[in-house]
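1 is the number of the first residue of the sequence shown in full-length UniProt numbering; add one for each residue after it.
I should point out that these hints are in silico values taken from the structure, not numbers from a laboratory.
Some clues are possibly wrong.
Taking CB as the label site, the calculated pair distances span [to be verified]: (1) LYS379 with VAL175: 24 to 34 Å; (2) LYS379 with THR153: 23 to 33 Å; (3) LYS50 with VAL386: 57 to 67 Å; (4) ASP343 with THR153: 11 to 21 Å.
A quick note: this is a predicted structure, and the numbers were derived from the prediction, not measured.
Ideal Cβ positions, reconstructed from N, Cα and C, are used throughout, including at glycine.
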Amino acid sequence: MKDCVSVGLLGLGTVGSGVVHMIDSHQKELQQRVGCQVKVAKVLVRDMDKDRNVDLDDSVLTQNPDDVINNPDVDVVIEVIGGIDQAKEFILASLNNQKHVVTANKDLMAIHGRELLTAAVENESDLFYEASVAGGIPILRSLVEGLSSDRITKLMGIVNGTTNYILTKMTKNNVPYESVLKEAQDLGFAEADPTADVEGLDAARKMVILGTLGFSMKVGLDDVKVEGITRVDEDDIAYSKKLGYTIKLLGIASSTNGSIELSVQPTLLPSRHPLAAVNDEYNAVYVYGEAVGETMFYGPGAGQLPTATAVVSDLVAVIKNMRLGVNGKSVILPQHERKLKEDEEIKSKHFIRLIVKDEPGAFSKISHLFQDRGLSLEKLIQEPVVNNGTAELVIITHETNQKAFEDVHNRLRDLDVVVEVKSRYRVEGM
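Produce the complete structure using the sequences and hints provided.
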């Protein structure tokens with residue numbers, strides 16, 4: 001075993017700077033854990049002259065990726081530049097040079113994970129990506145190692161801090177989506193272009209990774225049903241509270257008889273559910289196992305040092321494998337053929353909010369429509385809308401399958417007493 005393991009860094013932005021800081025400030029603890037010194041040998045940057053809040057000699061910096069990827073002195077490459085095409089090229093080249101790789105790149109792993117992991121196996125190299133899903137929460141290692149003896153049946157997670165911050169503020173302060181989004185942008189919790197977050201795309205990429213690992217099945221972004229939070233309004237939140245629920249943007253992955261479902265959507269959770277208490281920019285993943293039952297992993301889902309913690313933890317795992325001579329042996333490729341649930345197999349309760357004509361027989365027509373499709377009503381709120389001859393009807397159904405609910409939803413829009421279907425959401429129980 002070498003007396004010193006050399007690290008090459010691709011990128012020195014927020015996370016990259018955090019990695020350098022942790023390797024430097026935690027050097028004593030790292031040496032105790034891995035039995036050797038760990039040093040940053042080369043760092044790829046875009047601008048050599050940029051002021052940085054890290055203690056690195058100028059000779060360590062380079063604008064040439066070959067100084068990292070093809071450097072014989074670099075043992076482990078850490079990719080934190082983001083993006084897809086260039087990052088994929090750099091990682092594949094590193095693996096083909098028999099270097100070990102740690103990445104925080106969720107987009108890349110969601111789209112090209114299998115190809116990269118296969119390359120790692122072929123080159124007897126490690127490829128770890130704990131930081132790609134939930135920042136400082138060690139959920140991937142927990143699935144692969146801590147829960148490896150169990151059979152996972154469901155994963156349910158708040159895996160996007162921006163949307164959780166927005167929904168938390170809307171719920172607590174009774175303010176509209178647009179106002180909270182601007183506040184989140186001003187505070188740095190939301191990007192100038194928040195589309196990937198608020199439309200659920202960021203969470204969908206993370207659920208692809210969780211679903212692939214949790215069920216050992218290769219799935220892709222096209223397999224995730226995605227809906228964002230832009231249509232959630234204050235009335236949806238107020239009615240949810242009245243009925244004992246809290247709205248969260250949930251990523252859901254579940255498996256039944258070898259078929260899986262993947263979705264990201266605003267979902268009503270009972271307010272007593274542990275996930276309902278996860279607020280602001282925090283993330284949490286709730287895991288159901290046949291043997292262990294229910295467990296929850298909670299913590300900061302982003303940020304410089306939480307994410308850097310996950311990256312450096314992966315680095316420690318790589319070095320321990322180097323000491324044992326087992327690099328490339330821990331990569332687990334999906335074992336099962338892709339098999340998705342049909343709509344008839346996806347079961348849940350549903351929330352639906354209607355504007356209806358406030359006239360005799362209106363509710364009877366609506367209830368008969370539900371009964372005809374075998375849907376029963378669990379909770380109901382009906383309130384008149386002042387001075388316009390309509391009423392607001394809010395329903396939570398008993399559990400039903402997705403196909404039956406979609407049929408009722410489509411028929412409601414054509415019913416003469418229904419003025420408008422305002423909103424509809426999935427409802428999860430305890």
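Can you name, in rising order, the numbers of the hints this structure does not satisfy? Hints that this structure does not satisfy do not exist here, as all of them hold.
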